[in-house]
Amino acid sequence: AQSVAQPEDQVNVAEGNPLTVKCTYSVSGNPYLFWYVQYPNRGLQFLLKYITGDNLVKGSYGFEAEFNKSQTSFHLKKPSALVSDSALYFCAVRPSTDSWGKLQFGAGTQVVVTP
Amino acid sequence: KAGVTQTPRYLIKTRGQQVTLSCSPISGHRSVSWYQQTPGQGLQFLFEYFSETQRNKGNFPGRFSGRQFSNSRSEMNVSTLELGDSALYLCASSLAGASARETQYFGPGTRLLVL
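Chains as they are written, first to last, in the working numbering: chain W, 356 to 470; chain B, 11 to 125.
Be aware that a few hints might be false.
Straight-line distance between alpha carbons at most 25 angstroms, and here's what the computed SDA-like set of lysine to any residue pairs gives [said to hold, decoys possible]: (1) W/LYS404 / B/GLN51; (2) B/LYS67 / W/PHE401; (3) W/LYS413 / B/LEU105; (4) B/LYS11 / W/ARG397; (5) W/LYS413 / B/GLY13.
Hints are computed from structural coordinates only; laboratory data are not their basis.
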């Protein structure tokens, strides 16, 4: 069975500083990995995904994520955080053999960016 | 292109009642998945529909059901509501759900409160 862990409930960062949100996964076979962001009273917005190829994936709003197979990690990063990046971030995984819905989500990490 | 739409956005029901939630996918998307989001359990997969057929189902009791229409719109129904059914119900659509690499795009959700 696949699983996703986001070890930090909350990440606090000052505006302009680098932001990192951690994610580790466990899945049989090759993983497909996703990051979503959720603002208050909103649904999930897609940020980026890793399917295959380059380990560094670039996504929306200046976010990027690094896939590390040996460490089974897929950390989300942003070089310079903005106050507007304050939101709830979710990492999700699907095994390559599962094609019918069912994203497995982590518990989420609340990001707080202070001015 | 319009995003995923869900109606209603907010709903208050009492225990024992039933409820129907609606989801219209992005135009051209034929796969619709449903998720339940609660503070305690996080994001959990309910079921996925494609071409009016349920292809995958999560670990929820039979009180939770769904269907999909020929225009890909989907509804989910919860019968005999319990207090624990209070949650944000999210709908997501993807092109065909034929590959695990497809991105799911989420609607704003329906917030259900059971009293």
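The hints, checked one at a time:
1. For the suggested pair W/LYS404 and B/GLN51, the alpha carbons sit about 24 angstroms apart, so the restraint of at most 25 angstroms is met.
2. Using a Cα cut-off of 25 angstroms, the hinted pair B/LYS67 and W/PHE401 holds, with the two alpha carbons roughly 23 angstroms apart.
3. A hinted pair counts as satisfied when its Cα atoms are at most 25 angstroms apart, and W/LYS413 with B/LEU105 qualifies at roughly 22 angstroms.
4. Restraint check for B/LYS11 and W/ARG397: the C-alpha separation of about 19 angstroms stays at or below 25 angstroms, so the hint holds.
5. For the given pair, W/LYS413 sits about 22 angstroms from B/GLY13 by alpha-carbon distance, which is consistent with the 25 angstroms threshold.
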